[in-house]
Amino acid sequence: MLSYIEVKGLSKKYKVFKRTPKKGIHKFSSLFSKNEFESVDAIKNLSFTIEKQDIVGYIGPNGAGKSTTIKLLAGILQPDSGTCLVDGEIPWKSRKEYVKNIGVMFGQRSQLLWDLPAKDSFEMLKGIYKLSEAEYNESLALLIRMLSIEELINTPVRQLSLGQRVRCELAATFLHRPKLVFLDEPTIGIDIEMKKKFHNFIKEINEVMGVTIFITTHDLDDIQSLCNKLIIINKGEIYFNDKIDKLFSDYFVEKKVYVELAEDEELVVPPKARINKREGRNVVVVVEDSGIVGNVINSIARDNNILNIYVEKLDIEDIILKIYKDFQLQNNRG
Amino acid sequence: MWALFYRFGQIKGWTFNEVFLTYGIINLSFAMAEVLMRGFETNMTSLIRNGDYDRYLLRPRNTVLQISAFSFQFVRLGRAMQSIVVLCIGIVMNAGSITGVEWIILLFTVVGGWLLYASLYIITGIISFKIMQYTEFMSIFIQGSVSTMQYPMTIFPAWIRNIFTYVLPATTVSYFPISAILDKSTSVPRIVGFGAPAVCYIFFIISIWIFFKVEKSYVSSGS
Numbered sequence: 001m002l003s004y005i006e007v008k009g010l011s012k013k014y015k016v017f018k019r020t021p022k023k024g025i026h027k028f029s030s031l032f033s034k035n036e037f038e039s040v041d042a043i044k045n046l047s048f049t050i051e052k053q054d055i056v057g058y059i060g061p062n063g064a065g066k067s068t069t070i071k072l073l074a075g076i077l078q079p080d081s082g083t084c085l086v087d088g089e090i091p092w093k094s095r096k097e098y099v100k101n102i103g104v105m106f107g108q109r110s111q112l113l114w115d116l117p118a119k120d121s122f123e124m125l126k127g128i129y130k131l132s133e134a135e136y137n138e139s140l141a142l143l144i145r146m147l148s149i150e151e152l153i154n155t156p157v158r159q160l161s162l163g164q165r166v167r168c169e170l171a172a173t174f175l176h177r178p179k180l181v182f183l184d185e186p187t188i189g190i191d192i193e194m195k196k197k198f199h200n201f202i203k204e205i206n207e208v209m210g211v212t213i214f215i216t217t218h219d220l221d222d223i224q225s226l227c228n229k230l231i232i233i234n235k236g237e238i239y240f241n242d243k244i245d246k247l248f249s250d251y252f253v254e255k256k257v258y259v260e261l262a263e264d265e266e267l268v269v270p271p272k273a274r275i276n277k278r279e280g281r282n283v284v285v286v287v288e289d290s291g292i293v294g295n296v297i298n299s300i301a302r303d304n305n306i307l308n309i310y311v312e313k314l315d316i317e318d319i320i321l322k323i324y325k326d327f328q329l330q331n332n333r334g
Numbered sequence: 335m336w337a338l339f340y341r342f343g344q345i346k347g348w349t350f351n352e353v354f355l356t357y358g359i360i361n362l363s364f365a366m367a368e369v370l371m372r373g374f375e376t377n378m379t380s381l382i383r384n385g386d387y388d389r390y391l392l393r394p395r396n397t398v399l400q401i402s403a404f405s406f407q408f409v410r411l412g413r414a415m416q417s418i419v420v421l422c423i424g425i426v427m428n429a430g431s432i433t434g435v436e437w438i439i440l441l442f443t444v445v446g447g448w449l450l451y452a453s454l455y456i457i458t459g460i461i462s463f464k465i466m467q468y469t470e471f472m473s474i475f476i477q478g479s480v481s482t483m484q485y486p487m488t489i490f491p492a493w494i495r496n497i498f499t500y501v502l503p504a505t506t507v508s509y510f511p512i513s514a515i516l517d518k519s520t521s522v523p524r525i526v527g528f529g530a531p532a533v534c535y536i537f538f539i540i541s542i543w544i545f546f547k548v549e550k551s552y553v554s555s556g557s
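Line order of the protein sequences matches chains A and B.
Just so we're aligned, residue 1 is where the first sequence starts under this note's numbering, counting upward by one.
Just so we're aligned, residue 335 is where the second sequence starts under this note's numbering, counting upward by one.
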């Protein structure tokens with residue numbers, strides 16, 4: 001059976017203007033010479049599948065090809081090669097039909113009319129998407145309740161705070177009940193409380209509307225609390241594509257055990273563990289095998305006079321950071 | 335214009351009254367095109383450079399319609415009004431020659447002129463896609479043809495006439511059909527003069543077609 005989104009061998013190149021440093025008279029004559037362009041792979045040979053009602057996190061360093069992928073899947077760009085089917089349709093064929101069922105929110109650009117209240121933008125979208133009065137009222141009431149934007153929608157957009165505006169943007173994105181939504185860095189610049197509200201909203205709307213959501217972000221909090229699937233890309237190629245739990249088991253970095261000693265004395269650690277850092281009575285012990293963490297803690301507690309011992313919570317950030325560092329090494333070598 | 339004719343009486347067989355018609359038609363077509371299509375010139379570059387064109391492509395509507403609607407220029411209606419007045423005077427003054435079928439030709443010509451200038455704006459948009467810069471030089475064609483075509487073509491040297499006939503089909507919505515309406519002798523038979531505005535309809539269709547072709551090559555700016 002076909003998945004909801006099937007991407008196979010998708011590639012897209014773009015041209016970059018290249019300027020070679022010139023000296024003296026050549027600086028002037030270069031004005032008249034032909035520009036040199038370099039062809040760069042935005043994405044190459046990308047393949048993945050996404051099921052209906054998934055919340056997919058799509059991450060990678062800057063310039064990895066995230067936005068290009070979104071634009072291809074949203075039908076704005078055409079690939080150089082490869083295919084892509086979303087619900088059996090090719091995005092960049094028959095654009096007008098296709099975009100009726102998708103919603104896109106760019107965290108850094110607004111789709112609301114700047115000088116008018118959000119309500120007016122919603123009315124405009126109602127016209128653009130040819131929503132019936134009943135559909136519109138139902139969606140709007142639902143979104144107003146879920147995002148608590150009742151008081152905001154009659155204020156001109158330019159007078160809203162960023163957090164308030166993002167909520168209105170979300171309402172505008174989901175107003176026409178899209179089946180597939182792309183959120184491009186939705187939480188950029190908003191505070192922690194707002195972010196929590198955003199997470200709750202996305203989870204709820206995912207349930208209520210049965211919408212498939214595709215998020216690109218640099219905020220790993222978003223990934224950890226929302227996504228059931230994670231795709232990591234680098235330089236246009238997929239690096240990781242699976243469930244998040246798999247990431248933890250695949251890329252186990254090391255576990256840190258924090259020990260606070262009762263007295264100033266040497267800490268005795270079992271084999272397979274080593275002391276990483278010591279500051280006064282606080283010692284950091286590193287364990288490189290996830291299976292023996294329990295044993296290590298046991299033996300430390302048995303062999304030493306300790307006040308306090310705790311294991312660092314496994315953090316997605318450390319793993320991603322390590323992966324990104326590997327990317328850099330690869331790039332430097334390449 | 336009045337001063338011009340007061341001194342010279344008539345220009346190469348065209349009277350003051352008759353020039354009202356060409357003047358009115360060209361200015362009305364241009365003003366209406368400006369009201370509706372100006373966005374292709376003024377907004378296109380920033381739309382493309384800022385990547386806001388993405389948003390237009392993400393909406394299930396015609397992009398030409400969206401560009402037009404989001405930069406609708408009420409102010410320009412003033413110019414349209416003014417040219418309607420001039421055109422009406424022209425019609426009244428030449429009431430003798432405008433009967434029955436000439437009315438239809440007149441309408442056909444005004445719409446043709448509107449389409450011609452609309453096409454020019456669309457071509458400006460097409461160029462914006464390609465070079466991502468404001469295309470100042472297109473104004474030469476747009477403004478230039480407006481100021482020349484409001485007068486009968488015969489007063490200009492041959493090379494200007496040729497540019498505005500074969501490169502830019504502006505004479506097909508002023509000189510030729512008006513001559514035909516007024517039953518003046520030109521280099522072409524009268525029936526060709528009546529049909530001349532059709533060139534602009536074709537010109538418009540080609541422009542739109544190219545616009546959608548070029549739109550496909552749109553590369554969004556990074557974000």
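Derived from the structure by calculation, the hints contain no laboratory data.
A couple of the hints might just be wrong.
[As the list claims (entries may be wrong)] Selected chain A positions facing chain B (Cβ under 10 angstroms, derived; list incomplete):
id, residue
1, Val-104
2, Lys-126
3, Tyr-129
4, Lys-235
This structure is a prediction, so every number in the text was calculated from the model and none was measured.
The beta carbon of each residue, even a glycine, is placed where N, CA and C say it ideally should be.
Structure-based check of all given hints:
no.: 1; hint: Val-104; verdict: holds, 5 angstroms
no.: 2; hint: Lys-126; verdict: violated, 12 angstroms
no.: 3; hint: Tyr-129; verdict: holds, 6 angstroms
no.: 4; hint: Lys-235; verdict: violated, 15 angstroms
In terms of the numbered hints stated before, the structure departs from hints 2 and 4, listed from lowest to highest.
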